[in-house]
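Sequence lines, in order, name chains A and B. Numbering of the first sequence is given in our numbering, commencing with residue 9 and proceeding in unit increments. Numbering of the second sequence is given in our numbering, commencing with residue 737 and proceeding in unit increments.
Simulated from the structure, these hints should not be mistaken for laboratory data. You may find that some hints are simply not true.
Quick list of in silico lysine-lysine cross-link-like pairs, BS3-like style, CA-CA up to 25 Å [what the hints assert, rightly or not]:
no. : chain 1 : residue 1 : chain 2 : residue 2
1   : B       : Lys747    : A       : Lys123
2   : B       : Lys803    : A       : Lys60
3   : A       : Lys60     : B       : Lys817
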Amino acid sequence: MNEVVVTGVGAVTPLGVGAATLHERWAAGVCGIADGEGRCREFVASDHFSVKEARRADRFAQLVLLASREALADAGWADELPYDSTRIGAIIGTGIGGIGTIEANERTLIEQGPKLVSPLAVPLMMGNAGAAAVSMRHGLRGPSYGVVSACAAGTHAIGSAMRAIQCGDATAVVAGGTEAALTPLSRAAFVAVDALSPTGISRPFDVRRDGFVMGEGAGVLVLENGETARSRGAKILAIVRGYGATSDAHHITAPPANGEGAARAISRALEDAEITPAQLVYVNAHGTSTPINDRAETAAIKTALGERAYTIPISSTKSAIGHLLGAAGAVEAIATILALRNRVIPPTLGLEQPDPELDLDYVPQSSRRLEVEDGQLLAALSNSFGFGGHNAVLCLEAT
Amino acid sequence: MAEPSIDQIEKVITDSLVTFGADPEAISRDAELEALDVDSLDLAELSQIIEEQFGVELTSNDVAEIKTVGDAIDMVAGRAK
Numbered sequence: 009m010n011e012v013v014v015t016g017v018g019a020v021t022p023l024g025v026g027a028a029t030l031h032e033r034w035a036a037g038v039c040g041i042a043d044g045e046g047r048c049r050e051f052v053a054s055d056h057f058s059v060k061e062a063r064r065a066d067r068f069a070q071l072v073l074l075a076s077r078e079a080l081a082d083a084g085w086a087d088e089l090p091y092d093s094t095r096i097g098a099i100i101g102t103g104i105g106g107i108g109t110i111e112a113n114e115r116t117l118i119e120q121g122p123k124l125v126s127p128l129a130v131p132l133m134m135g136n137a138g139a140a141a142v143s144m145r146h147g148l149r150g151p152s153y154g155v156v157s158a159c160a161a162g163t164h165a166i167g168s169a170m171r172a173i174q175c176g177d178a179t180a181v182v183a184g185g186t187e188a189a190l191t192p193l194s195r196a197a198f199v200a201v202d203a204l205s206p207t208g209i210s211r212p213f214d215v216r217r218d219g220f221v222m223g224e225g226a227g228v229l230v231l232e233n234g235e236t237a238r239s240r241g242a243k244i245l246a247i248v249r250g251y252g253a254t255s256d257a258h259h260i261t262a263p264p265a266n267g268e269g270a271a272r273a274i275s276r277a278l279e280d281a282e283i284t285p286a287q288l289v290y291v292n293a294h295g296t297s298t299p300i301n302d303r304a305e306t307a308a309i310k311t312a313l314g315e316r317a318y319t320i321p322i323s324s325t326k327s328a329i330g331h332l333l334g335a336a337g338a339v340e341a342i343a344t345i346l347a348l349r350n351r352v353i354p355p356t357l358g359l360e361q362p363d364p365e366l367d368l369d370y371v372p373q374s375s376r377r378l379e380v381e382d383g384q385l386l387a388a389l390s391n392s393f394g395f396g397g398h399n400a401v402l403c404l405e406a407t
Numbered sequence: 737m738a739e740p741s742i743d744q745i746e747k748v749i750t751d752s753l754v755t756f757g758a759d760p761e762a763i764s765r766d767a768e769l770e771a772l773d774v775d776s777l778d779l780a781e782l783s784q785i786i787e788e789q790f791g792v793e794l795t796s797n798d799v800a801e802i803k804t805v806g807d808a809i810d811m812v813a814g815r816a817k
């Protein structure tokens, strides 16, 4: 099977615009959460899009368009696509899609009647709008579609893109995830299901953790066939070594306490990567800051990694930006790659009072230098688990 | 509803096109919608606005005949009588 490499990354997050900004600010201990939410406050659509471009895209599609622009430029694709456009795909995950558009048109429907519902409602709200926007904006004419698996969507999108390149359906895929669900309905709905933190504080693995803090943003990675990327002289940021996807088949919103499905996804990703737990240097946890996730994920890591679970550094990006739902996996894969490349493990912010039941090394509060020996593999896991019992894990190796 | 003046119709159409993202400097009676980057989705929105403002219903077949800004103004003026 073809090797799959990452040649470009782009991100828009509550920590700012840009993938490097995400890494630098998180590593410096900056938290992008304000007033109990992770909003992309530095993102202003009119700074980046024409009036027409902005009107034709819900915020969730705008965010991924901007992240894709950065990722393509990073890959050296800004001026020209390096391959036949029919060989390049776009696979973009989302948890919810254009919910802001849905809510606005629902108001119009109720207040003004069906005749004034916008002709733009469908193209803006559909869950595949992010993938469509990226495909059209960059002229990518290979396979393109959206991936929907709640909070695992970004990771599934990267995994699906990896498989498409491995089996030869595409030479390259622009893959990622995006979400913009900081809206009244979505907020109320997550409160109703008792998932959001009433205190508005994201502190994964802390004994006081009381739910996740919702965030918004997008992450995009340019994935290429390793052989063609190398022959065009591309800068290789990382290798997508392995991917594991499983299901709990247990409960619509809760994992089993032992994290069995998550553990299988981790093991499957390692097996696919042909890497042993001892070779891993970092785990980017799903780490949502909900009581149940952090407990089940800890159990899953122990099951899958054995003794290595007790020594490996583990941290949660959600402690710095909140939970980006369908964008989380893509943004966290980027954060993982940049942590490895910069040899810095960013911290789990807000983790001040460890939960006595959670006894792994969650890198509390401040960054840690990643010490590696010459010739040592720089490999890490990025975990994502979604409502519906969807588990997806990537094994990434920095180059 | 009182019969709208040509000026009123022109203003509503021009304002709508600007809202859709057309360059205000490029808008004139002779300007072609395609050159203004106005597409079928914009025309569907314009039809809604026209119906709401002037009570004139434009079908997708009507809209398909509109090539220039002037065509749109004349069609609405003709139907609004």
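Hint check against the structure, violated hint numbers in rising order: Failing hint: just 3.
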